[in-house]
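A.B. asks: Below, each chain spelled out in residue letters.
There are 4 protein chains.
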Amino acid sequence: MSKPKAALVTENVIEVPDAHDPVLICGLPGSGYVGKLAADHLVSSLDLKKVAEYSSSTFPPQVSVKEDGTVDPPRGELYFAQAKEGRGVFVFTADAQPTSSEGEYELSDAVVRFAKKCGVTKVYTLAAYITGSFSKSPKVFGSGTSKRMVESLSEEGVTLMKDGGISGMNGLLIGVAALRGLEGACLLGETSGYVVDAGASKAVLETLSKVIGLRLDTSKLEEKAAETQKVISQLQAMADQSREAAPQSEREQRPAYFG
Amino acid sequence: MSKPKAALVTENVIEVPDAHDPVLICGLPGSGYVGKLAADHLVSSLDLKKVAEYSSSTFPPQVSVKEDGTVDPPRGELYFAQAKEGRGVFVFTADAQPTSSEGEYELSDAVVRFAKKCGVTKVYTLAAYITGSFSKSPKVFGSGTSKRMVESLSEEGVTLMKDGGISGMNGLLIGVAALRGLEGACLLGETSGYVVDAGASKAVLETLSKVIGLRLDTSKLEEKAAETQKVISQLQAMADQSREAAPQSEREQRPAYFG
Amino acid sequence: MSKPKAALVTENVIEVPDAHDPVLICGLPGSGYVGKLAADHLVSSLDLKKVAEYSSSTFPPQVSVKEDGTVDPPRGELYFAQAKEGRGVFVFTADAQPTSSEGEYELSDAVVRFAKKCGVTKVYTLAAYITGSFSKSPKVFGSGTSKRMVESLSEEGVTLMKDGGISGMNGLLIGVAALRGLEGACLLGETSGYVVDAGASKAVLETLSKVIGLRLDTSKLEEKAAETQKVISQLQAMADQSREAAPQSEREQRPAYFG
Amino acid sequence: MSKPKAALVTENVIEVPDAHDPVLICGLPGSGYVGKLAADHLVSSLDLKKVAEYSSSTFPPQVSVKEDGTVDPPRGELYFAQAKEGRGVFVFTADAQPTSSEGEYELSDAVVRFAKKCGVTKVYTLAAYITGSFSKSPKVFGSGTSKRMVESLSEEGVTLMKDGGISGMNGLLIGVAALRGLEGACLLGETSGYVVDAGASKAVLETLSKVIGLRLDTSKLEEKAAETQKVISQLQAMADQSREAAPQSEREQRPAYFG
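Keeping their order, the protein sequence lines are chains A, B, C and D. Quick note on numbering: the first sequence equals residues 0 to 258 in numbering that gives the first Met the number 0. Quick note on numbering: the second sequence equals residues 0 to 258 in numbering that gives the first Met the number 0. Quick note on numbering: the third sequence equals residues 0 to 258 in numbering that gives the first Met the number 0. Quick note on numbering: the fourth sequence equals residues 0 to 258 in numbering that gives the first Met the number 0.
Chain A extracted, bound-state conformation (with noise of 0.2 angstroms):
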């Protein structure tokens, strides 16, 4: 028993891509899939091609099955592509979060190391702010590492937390940063935390772009989001529903956001 332990994440780089003035962009699963979605959209939408994946043996020891009957085990993927006239994009997204502090905290850093090596100074995290209730119009929260970060969100419309935490990658990525001599911000989609939300996902994005000068699409998260909105009236009905057939005294029971 003489070997050393091997670390808990390996880097397999595919690219260590010329970035100019570039940025990083990390949405991981979470409540409301609202970062994953986001994540996901901006890979599929910007064109991003993968440069470095993740493995780690703090993941859940478990393989996923896809439709079209192919296992994956969890895995982590950092994307980059560079726009001709513009800012260079990463981002970052996983199957799933690691299973431990230990391998949170050492797959953040792995990633915010590879990043500050291509030149990014500024992190990214997209997240879920969850109200327990269903909103039309979902607000954006956020906070970052630097009064200088915060402000240019609070320049763009977004609602400064003042106090609690934001817990796992999506908190520790912009903490890990802030470690590493770069800065950091949170961007937080408001959102019921009961469905997959990505009517969120889309605001969290609308204000990354301006926040950060970039032009997106978010037609396809639009269709998504209208699917959502559709799932939720009917959750409300239901509720409605069964408000009516329920005496006085348990409908008072029931929390605000169906009020």
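Hints listed in this document are in silico derivations from the structure and should not be mistaken for laboratory results. Don't take every hint at face value.
[As the list claims (entries may be wrong)] Using 30 angstroms as the maximum straight-line C-alpha spacing, the simulated DSBU-like pairs for lysine-lysine come out as follows:
#, chain 1, residue 1, chain 2, residue 2
1, C, K219, A, K146
2, D, K83, C, K161
3, D, K223, C, K146
4, B, K48, A, K2
5, C, K219, A, K115
With the hints as your guide, set chains B, C and D onto chain A.
C.D. replies: Frame of chain A, contents of chains B, C and D only:
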């Protein structure tokens, strides 16, 4: 406290076999012991020889007492035999699954690397597909790491999975195989999840023998499967009796599989 | 997967101070924030300077949002100042306690080794002694790593513990100090465990100042303690009211400390 | 974050003793403190000297307060004495068991390796066999790593286990002994699992003394066993009383051991 931490898995190689056209088959303890029973049957019926042992500090910290009164710590074991005309067969099994994600990844990685070094290009794992109901002729479900693997299963009557996941080493081993450049497939025998199910083991082995072109004598498993069937019949008889005694309302709450 | 696993704690030394007759005082977040409030008070009232920072992959994976809208990852911080005539004072505090045994041991070890290198021979930790009841003049309990330390506490009116244990970093730091050849003692302020308790912090600091011969201005803590007292009075008033309204049987189930 | 992670266990060797025909006996805290009481009795009655100490970042992160008001971190301790005419005796015990599988494996491995280096070929662990009922003359159960070891127990009246497992360090130590080429056996004293049981400790020590040919004075344990017996009698009296008061239907739900 300056010594580096030891690796989680220790590999003790007994012999690196001279293998021709080898395949790796894995079955570990899990629901219904479907994979473990199948792997044990392969080891004894094909007269395989042990070629490597794996100990790990992530196996459950305990020893198991055997019928002869002696104890064994949990271990992983890799067996091999070269068919005179035909394929070399590696079988990996273990007394238990590791207790942490990291342990599962490292053990999977150690086994896959050894097999790859010996020329293995395809890894098959045998597992359980839990339905909650008893079936006299268990179906075999499957999934694979490539479309080619998935098709090879489909041709032999395997029902392809379209979603869900495969948890633990039986899923992870083919995921890690893919990360190491091999192909992998998992065959899952339909089982209730309530009893050790030799019938499901027999079903996955019969399918496996067709998929990889391996002659197998499953008569011993047939005996065990007949015992399983007796146990199931008794369980159903008991259920029928208590159902007759139970009032209607309770009866409807029973799960469908006794119906 | 061949890179060795990184250490759980990273030490970032800002300055190795030139310390005379130094002592290390530690207070980390825990019940009633007794130790953390006391440590923070020492840092601000003695005008200490940060000499080292500790990050750890075992801190909770999250960032906390501050009042100005910016975020910080959890961190450990070591402060120092040299009194002109008197002792050097190191104070260690952190935003959170590590999430695993290993993290707690490694962080304790890193801090103790740094302090030892700077000439520290005695380590004091400040913690909470939970009684479940509110007290206007909280007692100070204590324990130490040697009879000499225990006697030095006893001489200043500390109530010596005779059994039980001290969990987490506030206990572990003096245990690790002993393993490294230093002496240690823990001062525990009596507290209910229900509120952030500046009164208990003030009590342990007043005792500490006598034990180590350190002049301290606790007026700011006195203000906070007065606020704590108001909160407690309100809680008790609410409890009295609801007790009057409650039937006798329920009243007897209330905990003794409201009686 | 480039320093490799430290080992989980640190061994502090005080003296490598010159041992003749030595044997290693281990008893750690567990159910009924059977093994721990027995090990502590050996250390004091045979006047053993400490030869090594083990600290571990996987011990529970806390310190325990002793009767004299001082604290100790959890530690493992290895003791030794050479009988003038007879065998060398190593005894290993600890204040607690590690909190993770990995910690248990590494600690077991460190102790077994040290013992092997000193010429030990056989490892005995002392543990509890929980029955849920009180017995005035507790049986001793046993298991071993080889048929020879199992037979040597059987010859001295030990009831051989035929299935089940032995969890934790008391089981793992003989498993790891086998992995390192030594032989091992576990003696388990029958105990209820409800009280600290010196009677069971006495029973395993009397059997051990016959198995390894070691003269032992168990008079102090006899005193403690008498105290245990008093506590059990009181518990049974209380149970009898409450049984008389309870209606028949409830009485039948009581476990058999009060019958």
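A.B. asks: Work down the list of hints and note, for each, if the structure agrees.
C.D. replies: Outcome of the hint check:
no.	hint	in the structure
1	C:K219 - A:K146	holds (28 angstroms)
2	D:K83 - C:K161	violated (40 angstroms)
3	D:K223 - C:K146	holds (29 angstroms)
4	B:K48 - A:K2	holds (27 angstroms)
5	C:K219 - A:K115	violated (43 angstroms)
In this structure, the hints that do not hold are numbers 2, 5, in rising order.
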